[in-house]
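Construct the complete structure from the given sequences, taking the supplied hints into account.
From first to last, the protein sequence lines stand for chains G and A.
Following our numbering, the numbering of the first sequence begins with 32 at its first residue and continues without gaps.
Following our numbering, the numbering of the second sequence begins with 20 at its first residue and continues without gaps.
No lab work stands behind these hints: they were computed from the structure.
Note that the Cβ used here is the ideal one computed from N, Cα and C, for glycine as well.
Hints may be right or wrong, so weigh each one.
[As the list claims (entries may be wrong)] Here are the simulated SDA-like cross-link-like pairs (lysine to any residue), alpha carbons at most 20 Å apart as the crow flies:
#1 G:Lys135 with A:Ser66
#2 G:Lys174 with A:Asn59
#3 G:Lys174 with A:Arg51
#4 G:Lys174 with A:Ser66
#5 G:Lys174 with A:Gly92
#6 G:Lys174 with A:Ile73
#7 G:Lys174 with A:Ser67
#8 G:Lys174 with A:Ile26
#9 G:Lys174 with A:Glu88
#10 G:Lys135 with A:Asn59
#11 G:Lys135 with G:Leu185
#12 G:Lys174 with A:Pro69
#13 G:Lys174 with A:Arg74
#14 G:Lys135 with A:Gly91
#15 G:Lys174 with A:Val90
#16 G:Lys174 with A:Gly70
#17 G:Lys174 with A:Met72
#18 G:Lys174 with A:Thr68
[To be verified] A short, non-exhaustive set of chain G residues, derived as facing chain A with CB atoms under 7 Å:
#19 Leu108
#20 Glu111
#21 Gln112
#22 Gln154
#23 Ala159
#24 Ala161
#25 Asp168
#26 Ala188
#27 Asn189
[Unchecked claim] Listed next, the stretches of chain A that the computed footprint assigns to chain G, with coverage defined by at least 3 CB atoms under 8 Å from CB atoms of chain G:
#28 25-36
#29 58-65
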Amino acid sequence: MLLPIVRDQRADPAIVAVLMIGASAAFVALTACAPREARRAADPPLGTFEAIPPGEDRRTARAAAQLRARELLREHLDDEQRAEYDRRRSFVVETPRGRRYRIKSTSSYNVHGEADGIDYCVQLRSDATARGVPLEDQMLAQKLLLELDEPRFLRIANRRA
Amino acid sequence: MQHLLKILDHRGHTELSWNPETVDEVEAVRERFEALMRQNFVAYDLSSTPGEMIREFRPQATEILVTPEYVGG
Chain G
32 MLLPIVRDQR ADPAIVAVLM IGASAAFVAL TACAPREARR AADPPLGTFE AIPPGEDRRT
92 ARAAAQLRAR ELLREHLDDE QRAEYDRRRS FVVETPRGRR YRIKSTSSYN VHGEADGIDY
152 CVQLRSDATA RGVPLEDQML AQKLLLELDE PRFLRIANRR A
Chain A
20 MQHLLKILDH RGHTELSWNP ETVDEVEAVR ERFEALMRQN FVAYDLSSTP GEMIREFRPQ
80 ATEILVTPEY VGG
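Now the structure itself:
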């Protein structure tokens, strides 16, 4: 379509200019996307989570996983923590050294040090061997690490004041 | 009494059970446990409160929970 207009000496220069700008923009966009495609191709093999079919089945599987993770988390909370979690979707953990941390239902910087006011971020590795672990499982893992190896938690954590 | 290995994953978790008196069952679960340890997963023996971080499989444990490796977010 572009060619006949360009060949035609009577073509409106404004139209030609618009088409040229459009073609340039498309070229730039394609060039910019290329590295991303290359990165996707270089990704490690997909984990088993990726084997779940797309669409409704995947959403159903995710919802079932979240429910299962929530039940497991609740099983490992004491009565007070469970009641607070049911009410506020967060709970407080006290470490052997007597420090208190609030673990919230958000994916990052969700551990709040009550004494120092710092938000800590410790997550579970997500790669081909472990992918798509529900948030409630992450909260349980954070609780266990704080209770059983707080120094390791503090060594790993990123901090936000 | 149940003996369960719970591995946190995209399903919420996967459970493996074993009878400590049955060698084949113990060895199958031990093999899975050791494979996870080689991939830097972290294991807790939660048979009693407050629990304990472990590196070796414990056939007598009633609940072992395994999480993927922790990383700073």
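Contradicted hints - numbers only: The structure breaks hints 1, 3, 10, 19, 20, 21, 23; every other hint is satisfied.
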